[in-house]
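Model the placement of chain B on the given structure of chain A, informed by the hints.
Each chain, letter by letter, is given below.
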Amino acid sequence: MNLWLWFWTFCLLVAGASFAFITVVVTIKGAKDLQQWFKTLQQQNRE
Amino acid sequence: MNFTFVDWAIVATYLAASVGIGLLGKRYVGTVSHYLVAGRELGLYVGIATLAATEIGTITFMYNAELGYKYGFAAFAAAIISGIVMIIVGRTGFVISKFRELKLMTVPEYFEIKYSRGLRIVTGILVAIGGILNMGVFLKIEGEFLTIVSGINARHIVAVMTVILLLELLYTVLGGMVSVVITDFIQYVLLSIATILVSIYAVYFAGWGNIVNKVTTVMGDGGFDPITNPKFGITFLVWQILLWFSVHTCWQTTAMRMFSTKSPETSKRVMTWTGFIFLGRGMLPMLWGIAALTLYGTGALSNGVPAPVVNGATLTPIDAMPAMLANILGPGIRGIVVAGMLAATMSVNSSYLLGWSAVISQDVILPIRQALGKGALSSRGQIFVNRVANLFVSLFLMFWGLYYTPPGAVYLYLNITGTIFLAGAFVCVIGGIYWSRSNTTGGYVAMISGAAGAIIPFFFLHWSENVTGFVAFGLAGAGLIVGSLLGRQRARESQEAIATD
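Residue numbers (this note's numbering), protein chains in the order written: chain A, 1 to 47; chain B, 1 to 501.
So here's chain A without its partners, still in its complex pose (with noise of 0.2 Å):
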């Protein structure tokens, strides 16, 4: 039970840190995702 423990102890602390980081770089770096992607949909509309 302690070996199963200490496992899943580690894959929550991983799971948490993943969460939280790519939560973090994904808030910063979407926002130019999407004004680009807006851009290309307004040069698809107009051709």
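Hints are computed from structural coordinates only; laboratory data are not their basis.
Built from N, CA and C at the ideal position, the CB exists for glycine as well.
Wrong hints could be hidden among the right ones.
[Unchecked claim] Under the rule of at most 30 Å between Cα atoms (straight-line distance), these lysine-lysine pairs were calculated in the DSBU-like manner:
#1 B:Lys26 - B:Lys231
#2 B:Lys26 - A:Lys29
#3 B:Lys262 - B:Lys140
#4 B:Lys262 - B:Lys98
#5 A:Lys32 - B:Lys103
#6 B:Lys26 - B:Lys262
#7 A:Lys39 - A:Lys29
#8 B:Lys140 - B:Lys231
#9 A:Lys32 - B:Lys26
#10 B:Lys374 - A:Lys39
#11 A:Lys39 - B:Lys231
#12 A:Lys39 - B:Lys26
#13 A:Lys29 - B:Lys103
#14 B:Lys103 - B:Lys262
#15 A:Lys29 - B:Lys262
#16 B:Lys374 - B:Lys140
#17 B:Lys98 - A:Lys29
#18 A:Lys39 - B:Lys98
#19 B:Lys262 - A:Lys32
#20 B:Lys374 - A:Lys32
[As the list claims (entries may be wrong)] Here are some of the chain B residues that sit facing chain A, going by a computed Cβ distance under 10 Å:
#21 Gly20
#22 Leu23
#23 Val29
#24 Ala74
#25 Ser192
#26 Ile196
#27 Asp225
#28 Thr274
Using the frame of chain A, we list chain B on its own:
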């Protein structure tokens, strides 16, 4: 009423902003490709946000918390499998790269390219039935969450959920995938903040040591070891691996995000990074469920687990987590968390509405129309048919979703309804891409035997979910092989068509 004025103000601001921004998406929709697959121009980060937001809803938090409450840390195995399988699919490009190269809009569209128009229609019907039944339980469970956390009288929940459904329907119908992606981005940020906040609160209030002790006392080794846990075991784990490979490749709403990315390479990167989010998507709400067990699991034993008792009332395990949130979150924080959960609800529902209505319009209505000898519809005509299908799906959900109660654990109900079409679809797609002898006869046998293998054992013979899942995938695989070997060989031409597409 648990909500204060501040909480209501936060929720109202979120709803207004979300719908307003969603409506802006309409101005960018020019073609059916914009409406269904965002013009195939999504970059990595928006791709991650929209995929994560699509597959993380209040329903996800509820069923994962229920699993955590009932099975303790052993439930984490399901979350780990879903995340790791997603990372493997992303790294290898298994199925998704080929799908993206083919420039599909829906999964059943592949069946016409590889097999036949008839099989595309059959698959479209099965995908729509399985998907809508799957989504059918969302509203009721999301409504339960909102009722318990906000303290709204349960009598008003039908009205509240109807208004929320209408709001998300409004921007989804008008702006299609463009509006869904814009709102998904905002909703992803908000739901992630709520997820992190709740995780901190749950561990702080329950205490890590108490959480471990409670699981040890109530469940013993089975609360930690998924192999010895009577509900799980090796069969469950293997079935979950199969199921998650099929979900990450053939689930319409996930696949639509892959179709919407800039390139096959981008789709692989989106899938890989979202795999890491999927670890937290499962494990964090499971932890909330275990924290709820620790704080409130004091009632009579049911299947070896004490029922939650909150403020003197005995609840079901699935309601333990929202009841815990209503008690531990303070004013303001409660509003942020509920806004985050509403964001999760709206992102999932809008994406699912679009996904299933796309299948009905593109894979059922339009191919039947073509088979009847009518000409192809213009882009504008196709958008109109999609919008009508969207309305139809919403109407069904309002009547079915608010009154139907699923039997047993919700996670397993969702698994089985998904398996109705996933078993056959996954087998046919794998066969279509990697086995040159697969043909239309095999495809029909696989789709029908996969669906029968999910429905008959589970709903009529009352076999366990694990065995049902194995039977469905096994029958579908056997059906494809036997049907293809017995049927006429037509596959090579199609295979060449795919290779040169």
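Evaluated hints:
Between Lys26 of chain B and Lys231 of chain B, the direct Cα distance comes to roughly 47 Å. Violation of the 30 Å bound is thereby established for this hinted pair. Distance hint between Lys26 of chain B and Lys29 of chain A is fulfilled; the C-alpha atoms sit about 23 Å from each other, no more than 30 Å. For the suggested pair Lys262 of chain B and Lys140 of chain B, the alpha carbons sit about 36 Å apart, so the restraint of at most 30 Å is broken. For the hint pairing Lys262 of chain B with Lys98 of chain B, the CA-to-CA distance comes to about 14 Å; that is within 30 Å, so the pair holds.
A threshold of 30 Å between alpha carbons decides the hint, and for Lys32 of chain A with Lys103 of chain B the separation of about 25 Å falls inside it, so the pair holds. In summary, the hint linking Lys26 of chain B to Lys262 of chain B is supported, as the alpha carbons are separated by about 21 Å, within the 30 Å threshold. For the proposed pair Lys39 of chain A and Lys29 of chain A, the alpha carbon gap of about 16 Å is at most 30 Å, so the pair holds. Restraint check for Lys140 of chain B and Lys231 of chain B: satisfied, since their Cα atoms lie roughly 25 Å apart, inside the 30 Å limit.
A hinted pair counts as satisfied when its Cα atoms are at most 30 Å apart, and Lys32 of chain A with Lys26 of chain B qualifies at roughly 20 Å. Between the alpha carbons of Lys374 of chain B and Lys39 of chain A the distance comes to roughly 36 Å, so the proposed pair goes past 30 Å and is violated. Taking the CA atoms of Lys39 of chain A and Lys231 of chain B, the gap is near 51 Å; set against the 30 Å cutoff, the hint is violated. Distance restraint check for Lys39 of chain A and Lys26 of chain B: the Cα-Cα separation of roughly 14 Å lies within the 30 Å cut-off, and the hinted pair is therefore satisfied.
Between the alpha carbons of Lys29 of chain A and Lys103 of chain B the distance comes to roughly 26 Å, so the proposed pair stays at or under 30 Å and holds. Restraint check for Lys103 of chain B and Lys262 of chain B: the C-alpha separation of about 11 Å stays at or below 30 Å, so the hint holds. Pair hint Lys29 of chain A plus Lys262 of chain B holds up; C-alpha atoms about 16 Å apart against a cutoff of 30 Å. Between Lys374 of chain B and Lys140 of chain B, the direct Cα distance comes to roughly 40 Å. Violation of the 30 Å bound is thereby established for this hinted pair.
For the hint pairing Lys98 of chain B with Lys29 of chain A, the CA-to-CA distance comes to about 27 Å; that is within 30 Å, so the pair holds. Our distance criterion of 30 Å between C-alpha atoms is met by Lys39 of chain A and Lys98 of chain B, whose separation comes to about 27 Å. A distance of roughly 15 Å separates the Cα atoms of Lys262 of chain B and Lys32 of chain A; the hinted pair therefore holds under the 30 Å criterion. Our distance criterion of 30 Å between C-alpha atoms is broken by Lys374 of chain B and Lys32 of chain A, whose separation comes to about 43 Å.
The restraint placing Gly20 of chain B at the interface with chain A is violated, with a minimum CB-CB distance near 16 Å, outside the 10 Å limit. Restraint check, Leu23 of chain B versus chain A: the minimum CB separation of about 15 Å is more than 10 Å; hint violated. With 10 Å as the threshold, the beta carbon of Val29 of chain B comes within range of chain A, its nearest partner Cβ sitting at about 8 Å, so the hint holds. This hint holds: Ala74 of chain B has a C-beta 8 Å from the nearest C-beta of chain A, less than the 10 Å allowed.
Taking 10 Å as the C-beta contact cut-off toward chain A, the hint placing Ser192 of chain B at the interface holds, the least distance being around 4 Å. A hinted interface residue such as Ile196 of chain B counts as satisfied when its beta carbon comes closer than 10 Å to some beta carbon of chain A; here the least separation is about 6 Å, so the hint holds. Proximity of Asp225 of chain B to chain A holds as hinted, the smallest CB-CB distance being about 5 Å (cut-off 10 Å). Below 10 Å, beta-carbon pairs count as interface contacts, and Thr274 of chain B has one with chain A at about 8 Å; its hint therefore holds.
Against the hints set out earlier in the document, violations occur for numbers 1, 3, 10, 11, 16, 20, 21, 22.
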